[in-house]
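Novice: Each chain is listed here by its residues.
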Amino acid sequence: MKTLRDEYCIVGVGETEYSRASGRTTRAMAVEAIRRAILDAGLTARDVDGMLDYQGGDSTLANHVAPDLGIRLNFYMDVMGGGSSTEALIGLAMGAIEAGMCNTVAIYRSMNGYSEFRIGGTGARAAQPVRGLDLAQVPFGMRSAGQNFALTFMRHMYEYGTTSAQVARVKVAHSRHASQNPKALLKERVTVEDVVGSRSIVKPLLDSCLETDNATCLIVTSAERARDLTRRPVYIMGVAGRVSKPRLDFHWAHGPITRVAGYYAKDIVFGQAGIGPEDVDVTGSYDAFTFTTLLQLEEYGFCKKGEGGQYVSSGIIELGGGRPNNTSGGHLCEGYTHGMSMVIENVRQLRGTVDDYCPRAAEGVHTYDYSPGRCRQVKDAEITMNLGWAVPPTGSALILRR
Amino acid sequence: MPQPVQYRGMTLIVPDNDSEWTEFYAHARAHRLVVRKCTACGLMRYPPTHACPWCMELEWTWQELSARGTIYSYEIVHHAIQPGFRELTPYPVVLVELDEQRGQPTPDEALRIIGNLVKPDLTPEAEANVAIGRRVRVIFQDLADHMALPQFTLADEAAPGRVWRLPE
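As they're listed, the protein sequences go chains A and B. Start counting the first sequence at 1; every next residue gets the next number (our numbering). Start counting the second sequence at 1; every next residue gets the next number (our numbering).
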């Protein structure tokens with residue numbers, strides 16, 4: 001397969017605050033996040049001529065966002081979709097630049113995911129008419145993401161003996177990371193007992209992400225263009241977008257149902273990058289739920305299939321461990337951004353400028369003291385990987401290096 | 001066009017031009033579980049799709065099934081999203097592997113179908129009785145003159161293999 005390894009870069013990142021009551025429009029939030037990313041990159045509005053965004057009927061489109069900042073576009077596209085769109089759109093941005101359509105692309109996601117269109121499917125979304133393929137699931141009280149995904153993890157527990165206490169370790173790790181993150185909505189560290197003893201939403205899922213109001217932005221340009229910028233760019237080694245299992249209409253028909261899309265994405269993304277999982281220093285495995293992190297780490301080869309429970313329980317995914325996952329606290333604890341914040345976090349890890357509580361974090365000076373309320377910078381992180389999740393049969397991936 | 005069906009606060013819409021579902025629900029209302037069978041390769045598929053996912057053939061016929069199977073996976077919903085399901089919690093959702101065409105055309109494929117596991121009176125089965133490996137049969141829940149939902153109820157049959165449920 002063709003590779004554009006190291007030919008494109010992420011040069012800017014930005015976000016709004018994470019809250020549960022933004023009190024403003026998705027337009028206002030998008031504009032703020034994009035502006036911050038442009039300034040972070042050391043660019044001006046004139047330098048950005050491409051825009052991509054994704055949404056589910058819950059956001060403001062690029063044609064109303066770009067003009068607010070005085071951006072004239074040579075290319076833009078609004079995409080339907082949620083999780084796993086982040087990495088897919090980074091790949092599409094590279095393609096648009098490669099095709100000569102534009103030079104620098106801002107990718108954003110803006111949503112009032114708690115105060116307006118609740119991501120969890122409650123409120124207005126629960127009342128939508130049911131037709132077409134939805135008839136195969138929704139009339140049986142299977143509408144939210146948690147309800148849609150739980151069958152996958154139950155079968156994993158049956159086939160491999162994965163336990164509730166094991167998958168709870170994902171939440172424990174991410175809560176420890178969030179305690180080092182001033183932006184995180186949930187900064188309190190939790191224990192396995194806290195997670196296993198918590199109220200059930202759907203069994204066997206043991207923890208869900210946090211519906212959040214926020215906007216986020218990433219800026220992609222060519223390595224050639226990036227060389228003119230003051231900030232050190234982060235290079236894109238490989239990308240895979242919305243890779244899918246067979247029978248995407250009803251993936252239950254084509255097992256094993258414990259297999260998720262990463263099984264098919266791993267060869268694409270590792271093949272482009274020319275590396276393997278052992279070369280990755282930090283992972284960002286999408287944590288819509290604790291088990292989504294676990295299953296993806298298996299599929300991408302960070303451990304053997306079926307051994308995800310042992311892997312996440314070993315301490316390796318925690319700061320100070322061999323390969324920390326979601327060092328910002330992820331969607332479980334920092335806030336839900338449909339995947340964007342996990343890429344933003346990895347960019348900052350590679351720059352060495354994670355925004356933790358270290359007084360000189362912005363200058364790249366860190367203590368590497370991972371006790372509560374201190375540092376979350378991984379020392380000398382060279383290569384990061386994002387494992388993006390949409391649904392069990394669809395996912396994306398991204399490998400970055402400094 | 002048939003009227004939309006109101007069920008547990010949801011509006012279920014199956015218009016006359018719904019070329020996938022209209023006849024499926026007409027059969028279900030007559031208490032027959034049917035799937036589409038490819039006239040070229042003979043493989044059956046669910047949910048109803050326009051073409052054969054294995055050979056792209058457009059011709060198919062409805063095939064009635066024995067409507068028996070085994071629980072392949074399940075979940076217990078304790079916090080309902082749809083308001084109409086709140087009074088049913090905790091309710092089980094089951095993924096059932098039907099007896100026909102198991103392990104075909106590849107070992108990991110099968111005719112699998114989602115429904116609720118209910119008692120014969122259509123109320124949710126108790127959580128303690130839900131387990132992977134248990135035998136089930138289809139029971140139809142009539143919703144309107146033109147529509148019934150295929151649901152599942154425990155069958156009075158010994159489980160052929162391992163029976164497993166989530167530890168408490």
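Treat each hint with caution, since some may be false.
Cβ-Cβ distance ranges computed for the label pairs, FRET-style [as the list claims (entries may be wrong)]: (1) Thr22/B - Ala127/A: 19 to 27 Å; (2) Gly81/A - Glu157/B: 53 to 61 Å; (3) Arg20/A - Thr22/B: 23 to 31 Å; (4) Ala362/A - His78/B: 39 to 47 Å; (5) Asn63/A - Glu59/B: 20 to 28 Å; (6) Ala45/A - Ala144/B: 53 to 61 Å; (7) Ser244/A - Asp142/B: 34 to 42 Å; (8) Ser244/A - Arg102/B: 35 to 43 Å; (9) Gly9/B - Asp369/A: 51 to 59 Å.
No wet-lab data here; the hints were simulated from the structure. As the structure is a prediction and not an experimental result, all values here were calculated from the model. Each residue gets a CB set at the ideal place from its N, CA and C atoms; glycine is no exception.
Novice: Confirm or reject each hint.
Specialist: Hint by hint, here is what the structure shows:
Range check, threonine 22/B to alanine 127/A: Cβ separation about 24 Å, and the 19 to 27 Å hint holds. As the Cβ distance of glycine 81/A to glutamate 157/B is approximately 43 Å, the hint placing it in 53 to 61 Å is violated. Under the hint 23 to 31 Å, the C-beta atoms of arginine 20/A and threonine 22/B, about 43 Å apart, miss the expected range. For alanine 362/A and histidine 78/B, the Cβ-Cβ distance of about 44 Å falls inside the hinted range of 39 to 47 Å, so the restraint holds.
A hinted range of 20 to 28 Å is violated for the C-beta pair asparagine 63/A and glutamate 59/B, which are about 45 Å apart. Separation of alanine 45/A from alanine 144/B is about 57 Å and conforms to the stated range, judged on CB atoms against 53 to 61 Å. In this structure the supplied range 34 to 42 Å holds for serine 244/A paired with aspartate 142/B, their Cβ-Cβ distance being about 36 Å. A C-beta distance of roughly 24 Å is found between serine 244/A and arginine 102/B, which places it outside the suggested range of 35 to 43 Å.
The beta-carbon spacing between glycine 9/B and aspartate 369/A, approximately 52 Å, falls within the hinted interval of 51 to 59 Å.
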